[in-house]
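2 protein chains.
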Amino acid sequence: MPRIALSHARLPATLEITVVDEFGRPRAQPIAAERALTVYLNRREIVTLMTLGADPEALVVGYLRNQGLVERLEDLQAVQVDWEVEAAAVVTRREPADLATRLGQRTVTTGCGQGTVFGRLLEATDLSRLPDTTLRQSVLYALLENLGAYNETYRSAGAVHGCALCRQAAVLDFVEDVGRHNAVDTLAGRQWLAADPGPAPDIFYTTGRLTSEMVLKVAQMGIAVLVSRSGVTQKGVELAERFGVLLVARAKGRRFQAIGPEGRLRWDAVPPRRPGDRC
Amino acid sequence: MPRIALSHARLPATLEITVVDEFGRPRAQPIAAERALTVYLNRREIVTLMTLGADPEALVVGYLRNQGLVERLEDLQAVQVDWEVEAAAVVTRREPADLATRLGQRTVTTGCGQGTVFGRLLEATDLSRLPDTTLRQSVLYALLENLGAYNETYRSAGAVHGCALCRQAAVLDFVEDVGRHNAVDTLAGRQWLAADPGPAPDIFYTTGRLTSEMVLKVAQMGIAVLVSRSGVTQKGVELAERFGVLLVARAKGRRFQAIGPEGRLRWDAVPPRRPGDRC
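These protein sequence lines map, in sequence, to chains A and B.
Start counting the first sequence at 330; every next residue gets the next number (this note's numbering).
Start counting the second sequence at 330; every next residue gets the next number (this note's numbering).
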């Protein structure tokens, strides 16, 4: 990996405030941090991201990569985050020739859209890259159990989304942020910056909804299985079909709803029917 | 109200797809619609919003208003939504002098940020407007009960956020959308377009988190009490303090957490303590 001057400006993800509960009693309550971080690419202001601030350098790198504003890791020279001025100064050795155009095309999306250049990303996304991953029900259940250990900030403070890169039932990396697109970008940034990328993820998990932008961003990462605790939207399903992505929505405990290519899900752990189950 | 040529291009908020549940059984499942709507202001492309499509004209008008791209209702001449081309053509009689600058300043925020011009909105927000609304606990409980009847799309399809304008315990208007900022903008658009605005809302409810942008948008509407089913973030609390806004977070059933000015919440319905209650 080329030498990149990286700051390490991590901040605690939560802070404690005093709230008053329904009995009129003051109580200490952890809440999610939310910090403004303005990104400057070679002194040009690009965007202001609202983030937990738990891994700002990876967030900025992943954002610039996913927006197509930095094309190759080698182009990165420095990423310096300074919370005093709420700024991330990024210096690159090379800019995309059509940077101005790319900056002009920002499109706003659902989820916690980061003004993604949606249309262009859609064209740029190489579908042929997507593997034909199958998912065993037993692996899904094991993964959901493993994930239980991770959503630290959410459990204490709420108000965040969690996203994870997984290899079958193993959680490779997990990130929480106030916006789930920040979490995805941070995962992408970490992968890109990692000296040793390790095993390739084949399953993506999110606590958030499977909207068009989530499906698109994950497809860009070459992952063909998306698991979510929440529901799906129409465009999310359309894109998944188009990309051949398997969606597993409303995945909680034993429950889930699979949407996508026949035969990609292997029913090797069908739970015993209980009176409580819907029919 | 000046004459405005408005289309009425409402579409159903949900559609039904077939999912396969954990028992391998196909099941019909309603999902939230998610449609791309590109907004053109006097033939200039402004933004693409991902929306349920349940009230696109109000969404577009509210978005343009909240972004400061249309300053007065009288400036609006026509809002024509055509789903065939996924476009909303807006014609105005007058544009802000510094429209170009305003379009250039887009900032991305948490929630389902719509690339709001956050900094500028912050300066533009007139704090003196905010009333000193007090909230009785009994009114809060009555309101939460009344709200139960509204989140139709969420109950059937999930994957949407709901927002409501309320007058004490009465729900004046309720909107759901795939992005909660779309819901807020739609409420603002409807208010602006209403021939008879009716009673002024004094409480805002959202199923989503109380982030900086939500607090800011609601403060702009002159409402000083925010109620949410979800949690709060640091910047949301900071802005609420600055604006003198009362936040009521994690409001479900009898439970809630109040944050804000002393004495703005009246404890007239403290629930009986049950063994189940945390202490």
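The set of hints was computed from the structure by calculation and includes no laboratory data.
Don't be surprised by glycine CBs; every beta carbon is placed ideally from N, CA and C.
Accuracy of the hints is not assured; some may be wrong.
As the list claims (entries may be wrong) - Under the rule of at most 16 Å between Cα atoms (straight-line distance), these lysine to aspartate or glutamate pairs were calculated in the EDC-like manner:
1) Lys581(B) x Glu474(A)
2) Lys581(B) x Glu474(B)
3) Lys581(A) x Glu474(B)
4) Lys581(A) x Glu424(A)
What the hints assert, rightly or not - Per the computed footprint, the stretches of chain B lying under chain A, defined by three or more beta-carbons under 8 Å from a beta-carbon of chain A, are:
5) 404-413
6) 416-425
7) 481-490
8) 519-531
9) 536-547
10) 575-589
11) 593-601
- Message: Name the hints, by number, that the structure is in violation of.
- Response: The structure breaks hints 1, 3, 4, 5, 6 and 8; every other hint is satisfied.
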